[in-house]
Structures are given as structure tokens and as C-alpha cells.
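Trainee: Residue numbers (the working numbering), protein chains in the order written: chain A, -11 to 255; chain B, 42 to 708.
FYI, nobody ran anything at the bench for these hints, they're computed from the structure. Please read all numbers here as calculations on a predicted model, not as lab measurements. There's no promise every hint is true.
As the list claims (entries may be wrong) - Cross-link-like lysine-lysine pairs, in silico, DSS-like; alpha carbons within 25 angstroms at most:
{"id": "1", "chain 1": "B", "residue 1": "K550", "chain 2": "A", "residue 2": "K237"}
{"id": "2", "chain 1": "B", "residue 1": "K459", "chain 2": "B", "residue 2": "K510"}
{"id": "3", "chain 1": "B", "residue 1": "K659", "chain 2": "A", "residue 2": "K57"}
{"id": "4", "chain 1": "B", "residue 1": "K666", "chain 2": "A", "residue 2": "K237"}
{"id": "5", "chain 1": "A", "residue 1": "K3", "chain 2": "B", "residue 2": "K659"}
{"id": "6", "chain 1": "B", "residue 1": "K550", "chain 2": "B", "residue 2": "K269"}
{"id": "7", "chain 1": "B", "residue 1": "K206", "chain 2": "B", "residue 2": "K282"}
{"id": "8", "chain 1": "B", "residue 1": "K550", "chain 2": "A", "residue 2": "K49"}
{"id": "9", "chain 1": "B", "residue 1": "K662", "chain 2": "A", "residue 2": "K57"}
{"id": "10", "chain 1": "B", "residue 1": "K423", "chain 2": "B", "residue 2": "K466"}
{"id": "11", "chain 1": "B", "residue 1": "K82", "chain 2": "B", "residue 2": "K155"}
{"id": "12", "chain 1": "A", "residue 1": "K57", "chain 2": "B", "residue 2": "K654"}
{"id": "13", "chain 1": "A", "residue 1": "K49", "chain 2": "B", "residue 2": "K666"}
{"id": "14", "chain 1": "B", "residue 1": "K297", "chain 2": "A", "residue 2": "K49"}
{"id": "15", "chain 1": "A", "residue 1": "K49", "chain 2": "B", "residue 2": "K559"}
{"id": "16", "chain 1": "B", "residue 1": "K662", "chain 2": "A", "residue 2": "K237"}
{"id": "17", "chain 1": "B", "residue 1": "K654", "chain 2": "A", "residue 2": "K250"}
{"id": "18", "chain 1": "B", "residue 1": "K479", "chain 2": "B", "residue 2": "K569"}
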Amino acid sequence: MNNLIARAKELLENKIVQVIVGYEAGPTGVARPAFITNPAKADLLIYDERCVQNLAVYLTKPEVRNLGKMAIVATLPVMRSIMMLISEQQIFADNIIVLGVSSDGSLLDIADIKVMQAYIEKSDLGNPVKDRALLVELNKLSKEERFAYWQKELSKCIKCYACRQACPLCYCTRCTVEVNQPQWIPVQSNTHGNMEWHILRAMHLAGRCISCGECGRACPVGIPCHLLTMQLADEVHNYFKVYAGTSEKMSSVLSTFEPNDKESFII
Amino acid sequence: MARIGVFVCHCGENISATVDCGKVAETIGKLKHVAYSTDYKYMCSDPGQTIIKDAIKEHNLTGVVVSACSPRMHEPTFRKACAEGGLNPFLCEMANLREHCSWVHEKNDLTTEKAIDIVRSQVEKVKLNSALQPIKVPVTRTALVIGGGIAGIQSALDIANCGHKVVMVERSPSIGGHMSQLSETFPTLDCSQCILTPRMVEVAQHPNITLYTYAEIESVEGFIGNFKVKIRKKAKSLDEKICTGCGLCTTKCPQKKIPNEFEQGMGMRPAIYIPFPQAVPNRPVIDREHCTYYIKGKCKVCEIVCPTKAIRFDQPDEILELEIGAIVVSTGFDIKHADFFPEYGYGKYKDIIDGLQFERLASASGPTTGAILRPSDGQVPKNIVFIACAGSRDPAKGIAYCSKICCMYTAKHAMLYKHKVHEGKAHVFYMDIRSGGKNYDEFVRRAIEEDHVNYIRGRVSTIYERDGKLIVKGVDTLLGAQPVEIVADMVVLATAGIASSGAEELAQKLHVSYDSHKFFAEAHPKLKPVETNTAGIFLAGACQNPKDIPDTVSQASGAAVKVAALFSQSELTREPLVAAVNRSGPPMYSTCVGCFLCQSVCPYQAIEREDFKTRDGKIIKTVAKINEGLCQGCGTCVALCRSKSIDLQGYSNNQVYAEVVALLNEY
Chain A
-11 MNNLIARAKE LLENKIVQVI VGYEAGPTGV ARPAFITNPA KADLLIYDER CVQNLAVYLT
49 KPEVRNLGKM AIVATLPVMR SIMMLISEQQ IFADNIIVLG VSSDGSLLDI ADIKVMQAYI
109 EKSDLGNPVK DRALLVELNK LSKEERFAYW QKELSKCIKC YACRQACPLC YCTRCTVEVN
169 QPQWIPVQSN THGNMEWHIL RAMHLAGRCI SCGECGRACP VGIPCHLLTM QLADEVHNYF
229 KVYAGTSEKM SSVLSTFEPN DKESFII
Chain B
42 MARIGVFVCH CGENISATVD CGKVAETIGK LKHVAYSTDY KYMCSDPGQT IIKDAIKEHN
102 LTGVVVSACS PRMHEPTFRK ACAEGGLNPF LCEMANLREH CSWVHEKNDL TTEKAIDIVR
162 SQVEKVKLNS ALQPIKVPVT RTALVIGGGI AGIQSALDIA NCGHKVVMVE RSPSIGGHMS
222 QLSETFPTLD CSQCILTPRM VEVAQHPNIT LYTYAEIESV EGFIGNFKVK IRKKAKSLDE
282 KICTGCGLCT TKCPQKKIPN EFEQGMGMRP AIYIPFPQAV PNRPVIDREH CTYYIKGKCK
342 VCEIVCPTKA IRFDQPDEIL ELEIGAIVVS TGFDIKHADF FPEYGYGKYK DIIDGLQFER
402 LASASGPTTG AILRPSDGQV PKNIVFIACA GSRDPAKGIA YCSKICCMYT AKHAMLYKHK
462 VHEGKAHVFY MDIRSGGKNY DEFVRRAIEE DHVNYIRGRV STIYERDGKL IVKGVDTLLG
522 AQPVEIVADM VVLATAGIAS SGAEELAQKL HVSYDSHKFF AEAHPKLKPV ETNTAGIFLA
582 GACQNPKDIP DTVSQASGAA VKVAALFSQS ELTREPLVAA VNRSGPPMYS TCVGCFLCQS
642 VCPYQAIERE DFKTRDGKII KTVAKINEGL CQGCGTCVAL CRSKSIDLQG YSNNQVYAEV
702 VALLNEY
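Using the sequences and the hints, build the whole thing.
Mentor: In C-alpha cells:
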């Protein structure tokens, strides 16, 4: 952690970056995102097990972008998000410094995108262990049981769209749900419309989800909506042998075609 | 407020036989916003169109729904009628009551109900139509013809004779293609070279045609009327302007053991060579792969003997960049060779040859100056077997299609053999004789009846060699599948015609589709046989599927007239039914976030990038932009756009949604 603070200070003092995006402790001790522009305040940075949020979500926010060149405290999911954002042309590798942190909290030396790619490639890219277990349980259910489970869960949705806001890859300035000509997704919350929203969200993340689980964590009513996108990440890996966020030049599996692609899922 | 006019057509009895057209018109007439509704026997007729034009004026219509047939045929008719009535043509929609309703259902009330629903959905759609304006695209009046066989030659000459510039690119050192290799042509037995070479010379001398031989297409960008084409002129290793084509170098070249491609490997050629005596241009090229100088670094005999000092060993490949308005693809075909057939010894028997090799044997300019001699020992074969459908119509070999030309050329080969070897016996194994074409069947009958060629209906299971003879084992299915064994001196396989090598790569460069056999695909098998799915690119000849010379030439002229029609105006008018990425004022500029997923899926490369910049040139936002000249309105980008920032003009999300909602709602 001291290394992280020292490095952050150095970056700010030498004006290499204008802002450090990291974590700080809130008044109740909960970790919250911090945007540090003053080197004197770099001491506020923390990194420990409380720091779970995917900070990459701030990379595309105009308010943060306008602060200038940034450095970001990056766990594996953050790094994968950065890769996705670069491949989808939302950020440029030159405009960002990655302060990589390993799972044990030590500062990694991520000099450039190539180093980051190498680090990502040697990491476990599957879904988090506890979510894997949940998915195994869900997949044991029959189709009808699974549908009933999701109907029950999604009926709780209040359409607050926190799942969308927390997701680093839901960066559209105007989301489909905000289109009312035509009104694709009903405004009010009802089970049917809620399912439409969650299916749409999952489809928009198919082949893009980097399994950070931020959407599920953000849900105020406790819907495990991250399992939908994580299941799709599994499916995509199963069919196309790729994990999202592993290369800066990754093409979307849904928009590219290789003659040897499996087509067994086409009915 | 919308004032929609609905015109229900009986289509003679095509619609009215099962749909109560009067009831449809009456029911629709009662709908909100429908200002006028009527039915008529033939809406597409002159009086029918007059009804529409008059109603537009009389009822001040803001939209028209013609409830008739498929829009494929008559949408232009009715759009034109609306324009003449004073309404923007894109405010006219068609409800397909014929293909979608009357033809596929029995006569009953439900059929009429369905017809009403179809019309209702179109009424809802047309309310949301916008008055679109046609797109104008400038046209570069230069055509590119890729491939210099008879198809390319015919197309190039036809286009050039219309007064337009043509650039012809041929990858081999001479134009002429397969036709220049043929001996005589069916069904008249006139000499192939004699009818072809004047055309070749005409191409070379035509003031409107620029010929690049030994050149290949490097890349193609742009769109109809405005292609940007890069051509790689491979180094011929000599200065064509100085070379007189005397041919001295080709006789002195010490490297003489290279299988001659033009002779189908039945003769040898030097490393510096003119492919055949009538070649156009009649200048040699150095085959760097086999030239001693390029292999070992010394020789240069050709440079020493050249009287005009035209040899240039260090000549680099040249890349030309050309502006092209339309492209004719005429890259022709290849054939499977004898080594494709395990049952016939994988090419290990020298006296089993393919059809093209036989052409060279029979040709007066060929390796035997026209004598039919077997390759192994140069003897005249006394017993010759021709096998039709070698590979073709054989799904087990992966070629399910009929190569079309083999029945005819096999009859020709047998006939030519009999004309040259009077005492010889010719046998033809065939599956069916497909001789559809002017004077074609008469030709085959002549081979059988006058030249006594022995036609055996059946396939050959195996050929093996015994005592210098080829034992051909087959079956005669007309004699109750009786086994047949013929002891032959030579066997000619009418091997399958396949796509030209490199066809797939070229198709990808041109962005035209191709089938599983790598033959280029036409836009419509019946009504658009020379167009491709990419506007401005046309097909001629055997690159589409195996074709004989008359078919090839007809299609080549067809492609030429398509190009000439395109070049008849300086601007191209396109239907504005294309995609559009939305735009709004700053700071948003567009709801597009610039992920460019659309760019990766667009089959027509129609999506470009547009930067919004501050006054001092700093980029604020980069968003997608549709090139209207390239877009074909397929809508793939619309489906993939996550932020719903792309819409198809004339088929917007909102319009299609309104159609669906209309169908779901009661009225």
C-alpha cells in the first residue's frame, strides 16, 4: 500500500497524471472511490479486501475525463475492463497509467499495455469461484425451474438501473431504455418488462462481460443479475474459446465470423 | 394530421379469388386517419394508377398504401404514380396481399381478416414515413475488367465501343484465357484461335482500352461509381517500350525445362517466354521463379543477346492506383486435373489426360502440331476412351454440380479423334448427354451416327495399366448393368470445371459473395444473373459457374450493357433506403458512442468515422457515419447498435414497431 501511495504521489508531483482514481476509506470505514488530484492527499489511498468496486466505470465518465490524464488503481477485472474499453475505442492506451494491484495487495509493475496483457493472460479468467458454484447449482435446475427462479428474482427489480451504472462496459451516453421512439423497454417495473430489461442487458454484454460481478453487487434489492452475464461469458468461452478483455485488439465475437466457428447453437 | 389513401388491388383474380377485396377496402376506410379507400381490378394498369393520382389530389393524401402484390415488381410503378400525383414517392407503401395472403390461403373470412390486418399494419407504418430524397452519387466513367479471357475481352470491347474507358487486368502474360488453348469449338468445329485472336488484337489496339497483363488486383475500396483500385503490375523484367518482341531471348535462354502452362504441361518452355505465338501483348516476361539469374545470381544470357537492350533484371513490381466506376469480374475457371482421381491412379498413368490436354494435342499449334499421340510413347492411340463427368455430379468428390461444357466437348473430342485417326475406335462413358443449346444435340448425334463414336451409358469404376495398355472397367447401364472392359491406349477425362485459383481471395477483396465451390454469386439467379450483391460489380463468364463460349459471350455483353447503363449519366441516383446514424446538437452530436461494432459487421464497408472537433482542431467525439453510396440498406448495423443510434430510412425502428403494434392491437 505504501508503494501505491508513493507511486501515486510521484505521478501527481511530476505532473505525469492529473488525477489518481483509487479507493479511500469512507466515514464508516467502507471503501469508496477516490479521485485524488492533490499529491498531498495521496496518503488517503487504500487498497485492501474492502476495495471491491470496479473503478474502470469512471474511465468513460466525462466528469472524470475532464480532470485530465489519469492513473487508475487496477485489479484484474479493472485491467480487463480497460482492455475492453480500448478495443471498443472508448479510451486510448496512451491516456492512462495503470497502477496494477495483485490479489494480495502488492503493487504490480504495469509499464504498458503489453505488460498488462501478459499479466491478464496468465491469470485465471473464468468466473469468480463463488459465482461458478452458484451457476452450477442453477444449471442443475430444469428449464422450467430456472425460468421460475429468474421470474421470481427479476420481479423484485425496481428499474433503478444501478446494474447498468456500475458496469464499466455500459458506457453508452444514451441507453436503449432511454429510447422512447419506440419504447423498447417499458418504463414501469413489472415482471415481464423487468425480464425484457435484464435479457437485453445480458445480450448487450454477451462476449464483453469480464466477470467482475459489479452489477450484482450494485443491485439494491439483491438480484444476482451478474449470473446472467457470467453465464454468457461461459457460453462464449465454450463456443469461441475467448475471454473478454484479454487483448487491446479483440474483435467482438458477435460481429465476426470465422469459417471454423461452431454453429451448434444455431437451431 | 395524417390522411392516408388505401388502394386495394384484385390482381385480376389473384387476390380477389380468396380475399373479399371490397370488404377490405370498406373496413380499412373506417379506420382513423384513412381519408380514402377503394378497390380496383388492376391497380397497376393505367386507369388504376389514375385512381391513385386523382385521389392524392382530391383527398389531399399524406400517404398511400397500395394493397396488391410483392413490392419487388410494382413498388417502383406505384411510387412513380404517387410522384406524378404530387406526393413524395417514399410516402407510398405496399401491403403484400398476394404472396402473403391470397395465394397461400383458402377462400374464407379468416383470409379476408388477415388481408385487413396486413393493410392495417402498413397504414400505421406509412403514417411514420418521411419524405425522402434520392441520393446522388457521381460516376467515374472508367470500367475495370478483371480477367482477359473471352468473357473479359467481349465485355471490354463492348464497353469501349460505347465510348467509355476500360482498364483490363490479366494475371498471366497474355490475354486470351482458356479459349486460346482450345483446338476447335463445338458445334461448328471452327478453329478457336482463328476467331479469338482478332478480338485479342482489337483489345490491344482499341483507343479506349488500357491493357495490363501480368498484373493482379491488390485492393478495391470505395463504392459504385467511385471505386479506388490498386493494381500490382508484376515486374516483367524488361522494358516493354523498347522490346520489339523479336523472341531471340526466348530461343537463347539456357533454362528450357519448365513445364509449359499453356500446353498444360505437355511441352517445355524457357524462363523468359512468350506464352504462345499469338500472345497479346507479344512480349516476353521472365519467370523469376525459374530463371537461373534469379536463382543462382548469374546467367543474363537474354540481356546479352537482346538487340535493343530491353532486359531489366532489377525492375520492381509497380502499384497503380486507379479511379474506377464499375467492375466486370471475368476471371474464368480452372479444371480438376487427372491427379484428382484415386480410381484412375492419381495421375500416375501418363496416358490418362484431361480435356484441356486433349485440346492441346488436337490443336495445330500444340506440342504435336495437331497429331493425336499418346504422351507416354508418342504412338497414335488406336483405342481411346473418353470419360464424361469425371468429378462432376459426384457429391462424394465434393462436386455435386454439372460442369455443363463436358458433354459437348467430349463429343467434339471424340469427333476430332475420329477425323484424325480414321481406323481408331472412340468410346465415351457418360451419365447423361446434356446437349441443350442451338445445334448442340445435332452435333452429338453426328458424333454417334456419322463418326460412329461408341457411347456407353455408365460410369468407370477403375483404370489400371497392364502391358502398356490401360484397362478401363466400367458398366453399361443400358444393357442391364453389364460390366464392360475396354483395353485402351489412351483415356481422356472430362474433368470438372472448378473456380479459378485465387477466386476466393479476389471475392474477399471485392466484397462480393461466392458459393461453397468458390464460384462468384449472382445477385439473383434469374432476374439479376450478371449483377453481384455489391452495386457496380458485375459478373461475366465461367467465374460464376462453368459455361460454354456462347453463354460466356452473351453474359459478357450483358455485363457490358449494365456498365454502359451505369455510365450513361454523370450522376447516379440511388434509393435513399439506407442506414443513417443520428445527429444532434452539441455537446452530444450523436447518441453514437463510437464503439464501431457496426463497422466490423457491415458487409459493404459503408461505415466511416466522423470526428467532431473544436475550433482549434481538438477531437471532441468520433462517431460512425454511413457512406450513402455504399450502404445497401441491409440493416445489420441497426440490429447490432446497442444505443439504437442507427436507423434504416424507410424502415426505421419506429415504423417497424408501429407495424407490429398494429398487428397486435384490436381495431
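Trainee: If a hint holds in the structure, say so; if it does not, say that too.
Mentor: Hint check:
1. B:K550 - A:K237: Holds - the C-alpha atoms of K237 (chain A) and K550 (chain B) are around 22 angstroms apart, at most 25 angstroms.
2. B:K459 - B:K510: This hinted pair holds, its Cα atoms lying about 20 angstroms apart.
3. B:K659 - A:K57: holds (15 angstroms)
4. B:K666 - A:K237: holds (22 angstroms)
5. A:K3 - B:K659: Roughly 21 angstroms between the alpha carbons, so the hint for K3 (chain A) and K659 (chain B) holds.
6. B:K550 - B:K269: Distance ~12 angstroms between K550 (chain B) and K269 (chain B) Cα, so the pair holds.
7. B:K206 - B:K282: Holds: K206 (chain B) and K282 (chain B) sit about 22 angstroms apart, inside 25 angstroms.
8. B:K550 - A:K49: violated (39 angstroms)
9. B:K662 - A:K57: Status holds; Cα separation ~17 angstroms.
10. B:K423 - B:K466: holds (6 angstroms)
11. B:K82 - B:K155: Holds: K82 (chain B) and K155 (chain B) sit about 20 angstroms apart, inside 25 angstroms.
12. A:K57 - B:K654: holds (19 angstroms)
13. A:K49 - B:K666: holds (23 angstroms)
14. B:K297 - A:K49: Not satisfied, since the Cα-Cα distance of roughly 71 angstroms exceeds 25 angstroms.
15. A:K49 - B:K559: Not OK: K49 (chain A) and K559 (chain B) at ~48 angstroms, beyond 25 angstroms, violated.
16. B:K662 - A:K237: holds (20 angstroms)
17. B:K654 - A:K250: Violated, at roughly 43 angstroms.
18. B:K479 - B:K569: The hint holds at about 23 angstroms.
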